[in-house]
Amino acid sequence: MTSRNSFWASCRENHKRRIWVWIVAVLSQLLMYGGMTMIYLSRIRGFHADGSFKTPGEFEQAMCQAAKDALGFSDNLYGCIFILAAIIGMQGFSYLFEQRKVDMYHSVPVSKNRRFAVVYVNGLMIYLTAHLSGMVLGMILSAAQGAVNGEVLAEAGIAFVWNFFFFLVCYHLMILVVMLTGNRFVTISLFLAAAFYEIALNSMFERLRSVFFETYSVHFLQSRPKFSALYDYTSNIWQLKNMPDAAAAARLSMPLVGKWIGISAVLLAFGWFAYRKRPSETAGKAVAHRFLEPVFKVAAAIPAAFTTGALVYDTSYQNEALLVASMLAGGLIVCAVMEVIYDFDIRSLFHHLFSSGVALAGILAIFCVHKWDLFGYDSYIPAQNKVESIAISAGGYYDSYWDENWQYVEQGRFEADHMFLTDVSPVLTLVEAAGQADPEEMEDKRYVEILYRLHSGRQKSRRILVDYDDPDTEETLNRIFRTDAYQNGVFQVMQDQNLLENMNRIYYSNGPAQSVIPVEEADRLKAAWLKDMEQFDFTLVRHNRPCGVICFDYKNYNRRQLLVYNSFENTIAALKELEAYYPMELDAADVESVTVTCYHNELAEQENPVDYGIEARAVAETEAWDYTDYSVSETFYEEEQIAQILPHLYCNRVDAPWSRYKDLDDNYSVEVVFKRDTTYPYERDSYYFAYSFYAEQVPAFVAEATAYTGEE
Amino acid sequence: MIEIHNLTKRFEDIRAVDEVSVEIREKTVFGLIGTNGAGKSTVLRMIAGVLKPDEGTVAVDNMPVYDNVEAKKRLFFIADEPYFFVNSNARAMEKYYSGIYEAFDREEFYRYLEKFNLDRNRKVSTFSKGMKKQLALLLGICAHTKYILCDETFDGLDPVMRQGIKSIFAKEMEERGLTPVIASHNLRELEDICDHVGLLHKGGVLLSRDLEDMKCNIQKVQCVFGAVEDERKALSGLEVLKKEQRGSLCTITARSTREEVEARFATVDTIFYEVLPLSLEEIFISETEVAGYDIKKLILG
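Respectively, the protein sequence lines represent chains E and A.
Its first residue numbered 1, the first sequence is counted upward by one per residue in the working numbering.
Its first residue numbered 713, the second sequence is counted upward by one per residue in the working numbering.
Treat the hints with care, since some could be wrong.
Computed beta-carbon distance windows for the label pairs [as the list claims (entries may be wrong)]:
{"id": "1", "chain 1": "E", "residue 1": "ASP403", "chain 2": "A", "residue 2": "PHE797", "range": "51 to 59 Å"}
{"id": "2", "chain 1": "A", "residue 1": "ASP766", "chain 2": "E", "residue 2": "LYS101", "range": "16 to 24 Å"}
{"id": "3", "chain 1": "E", "residue 1": "GLY258", "chain 2": "A", "residue 2": "SER837", "range": "45 to 53 Å"}
{"id": "4", "chain 1": "A", "residue 1": "ASP766", "chain 2": "E", "residue 2": "GLY79", "range": "39 to 47 Å"}
{"id": "5", "chain 1": "A", "residue 1": "ASN780", "chain 2": "E", "residue 2": "SER348", "range": "31 to 39 Å"}
{"id": "6", "chain 1": "A", "residue 1": "SER733", "chain 2": "E", "residue 2": "ARG290", "range": "21 to 29 Å"}
{"id": "7", "chain 1": "A", "residue 1": "PHE797", "chain 2": "E", "residue 2": "GLU198", "range": "37 to 45 Å"}
{"id": "8", "chain 1": "E", "residue 1": "GLY79", "chain 2": "A", "residue 2": "ARG900", "range": "56 to 64 Å"}
{"id": "9", "chain 1": "A", "residue 1": "SER840", "chain 2": "E", "residue 2": "GLY258", "range": "56 to 64 Å"}
{"id": "10", "chain 1": "E", "residue 1": "ILE23", "chain 2": "A", "residue 2": "SER837", "range": "49 to 57 Å"}
{"id": "11", "chain 1": "E", "residue 1": "SER348", "chain 2": "A", "residue 2": "ARG967", "range": "45 to 53 Å"}
{"id": "12", "chain 1": "E", "residue 1": "SER348", "chain 2": "A", "residue 2": "SER733", "range": "34 to 42 Å"}
Honestly, the hints are just simulated from the structure, not real lab data.
Nothing here was measured: the structure is a model prediction, and the numbers come from that model.
Beta carbons: idealized from backbone N, C-alpha and C, even for Gly.
Construct the entire structure; sequences and hints are all you get.
The following block contains the structure:
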């Protein structure tokens, strides 16, 4: 028989006080899961009715995928769970906010430990019952429509664990917050502030670094909140939703769940400690522990000040005086508001000026550290013997990368994971030279991103400006570009083990032409290309533009691009053997017309020498931009004229990474229209193809025909 | 016994209770009197284990009470504004308390409810203030704890109900040795119920006496002396606390037993004399005036 005063009897009694929470929790989960399941499955049925699925198997697979979307990882749930955790956590311990309730609960012969345990366990039971009810309903609805299989069950199970521990972190956070505060308004405010605090702080420091540090880089390393479950959830849910199977989802989610268990345990321990130390007489007050008032005040003032500052800084076009003034004003206002909240008295605006002073001093200190780079962020160059390896991303090359699950991976992430330059001296040479160079004197300045992996295990990333036209820079970059480590980290195709897996097609393109190649030829083409890549260095890519590109198309719209240069004899020979090679230079016989437009930039700049930067935008916002169009276009139909133009053209569709901007004439644009009846395999979807003239190669008759005369 | 020793409690800069030391003996009705803000509720809350003293100790039957379930099992605290669960009725409150206090007597509770005309199924939120206090008292009585702590509980009860509660207290004290501790700002509320009174002022105890002792040791005599010499003779050897003269009628308040006063007045020539009963108020006035306080300002306002 259960004792009248047993734990479970206490739980049962406590549940009676929490009926509305039960109702809200269960209803929300039933609606979420039931609703999502019905909507997703109904959508698939609709597609099916429209004949979108070719086979019953496809339809069945789509139904299961829809059930998985509804019952597995979903980005529709975290808001609901976050709010539920807040409600359950706050309502359970809200008796602490009212003196009458405290008088009753703390005078009866129930130990503090027991009461905490009862309320805590009941909160968990409410969530678990509600969440499981929702999942069971969704499962029943899915099963009734034949949309449940092992994969659905497995992913639903993993998602349940993921969601539960996310709930636990939020729940424990709310419990801690309740123990630190004394009324509902402050509790809700502090809970929201605490939940988003690390994100806000992180974003504040990111912003400060990006504004004040020249070498600040987010290419390889981006400072991310480390203890924010909310951030973890939201930043990973999309990837989790799109995982190929439950095992892959588990590999990504479970380490985070492990972290959340640790965070929630720490939060609970603090919550418990604060509960034990919480004086009963603080019911109804803003903060339960008086010594925390200045702490909260300073903690709130700093990010609020920088948010205000950022707002003013952006809208005032980077006025630093206004930035400082607005930060101090913002900080001061928040301090005053906090004092009013603490005392619930408007006359308390300027109480406790010492802590307000500390907050303002903190704000100024953070500003000064960044403004004058007091810790030498920009001048950081690690000692060579402290660097284990380096990854470098020389600006100019962009490609798409993906992981083993065929999911998109950011370029910086891929390079960081795959590029390990152990010969670090060329990079450090580059960094030292960049530190001494004057960016104003650089002919072709580009950003180079660097990731230092130190022997200590720490990683640091920086960004430097280098002059690609500088011969010393070219030589240093050659030493880097020639290494396998660099090429492996830049060209993912070099690491592909099974080239044909999930490959849809191969084609070679010189811009307009697309010649399809059998996928079986992939390995052969790659082998030829790798042979040619032995000559790859910075000088090659700097002074040459690719004559075409070989594209390997994979599932999920993933694509590998193999740049082909004129000097890539093996690749070109293989392409020719496959009758897939088309040179960059077109045959005039295939071309219907060439339209050349000269913009006469020299005239436009003469008329309006304003820098097209901040000032120009500022003017643009206040008055209409008075712009004279000096462009002159001429279309050439004569085959003879076209034949004189074509050798000097480069197709804009072909990327030429690292190449010189000045290699092409930006004063002219060219549109090439092919003859409809030509056998040239140009893409028929396009009416014309955009080209550019090589610099200083515009034929005289073209320049004459597009000269500006001032006539309409 | 409840032993309070050097009890001190501060709320930020305010010293709400300042080194209070009192003993509350079993089977007595202890009245805790003081103005608003004197610290009565704070003392009761510390006795009930709601508040933790900053200094000093509270021991209930030799057990510290703060966060001590065993000690709290012997106490039932009725706050000045008792809390009842939202939308609850008397039955629901009974279920809650009977789940906590093992000795809770349900039958007795429902019997009392009928006696006091309180509907067990009616929502407590629809009760009047007095009815809520009655319900709280009945719950406290039926919890069968050794001590019941009432904070301003009798204020606002009509005389009939007060009498009813008083008789229940008397019965429970006799049957099982209940010890009520009643805090009030109103001396007259406690006059006919307390055995022992503690007077709190500005957080400290001004005095703590058995009411009977006080009554027995202070006498009020109205008399008309035959001659001045008789008056001098009668009052010599008596500790006169107060003397009022209206014409020839003299009202004397003196610290002494009734027998001693009567014996002394019997030896002198008086035209008329009578030993009158003292109200609690008069006793307090006398006692506190001796201590240099004006009780009317403290309690009676």
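Checklist line | Distance restraint hint 31 to 39 Å, applied to the beta-carbon atoms of A:ASN780 and E:SER348 | finding: Hint holds: Cβ distance 38 Å, inside 31 to 39 Å.
Check: If you check the beta carbons of A:ASP766 and E:LYS101, does the distance land in 16 to 24 Å?
Finding: holds (23 Å)
Notebook entry, point to check: Quick one: are E:GLY79 and A:ARG900 within 56 to 64 Å, going by C-beta?
Noted result: holds (60 Å)
Checklist line | A:ASP766 versus E:GLY79 beta-carbon gap, inside 39 to 47 Å or not | finding: holds (44 Å)
Next item on the list: Hint says 45 to 53 Å; check whether the CB-CB distance for E:GLY258 and A:SER837 agrees.
Entry: holds (48 Å)
Note to self: Within 34 to 42 Å: is that where the Cβ-Cβ distance between E:SER348 and A:SER733 falls?
What the structure shows: Check passed, 37 Å falls within 34 to 42 Å.
Margin query: Does the beta carbon distance between E:ASP403 and A:PHE797 stay inside 51 to 59 Å, or does it fall outside?
Written below: For A:PHE797 against E:ASP403, whose Cβ atoms are near 55 Å apart, the range 51 to 59 Å holds.
Note to self: If I claimed the Cβ atoms of A:SER840 and E:GLY258 lie 56 to 64 Å apart, would that claim hold in this structure?
What the structure shows: About 58 Å separates the Cβ atoms of A:SER840 and E:GLY258, which means 56 to 64 Å holds.
Notebook entry, point to check: Does the Cβ-Cβ separation between A:SER733 and E:ARG290 fall within 21 to 29 Å?
Noted result: For E:ARG290 against A:SER733, whose Cβ atoms are near 28 Å apart, the range 21 to 29 Å holds.
Note to self: Given a hint of 37 to 45 Å, does the C-beta separation of A:PHE797 and E:GLU198 actually sit inside it?
What the structure shows: 38 Å Cβ-Cβ, so the 37 to 45 Å window holds.
Notebook entry, point to check: At the C-beta level, are E:SER348 and A:ARG967 separated by a distance inside 45 to 53 Å?
Noted result: Given range 45 to 53 Å: holds, Cβ gap about 52 Å.
Item checked: Hint check for A:SER837 and E:ILE23 - Cβ pair distance inside 49 to 57 Å -> violated (20 Å)
Comparing the model with each earlier hint shows a violation of hint 10 alone; every other hint is respected.
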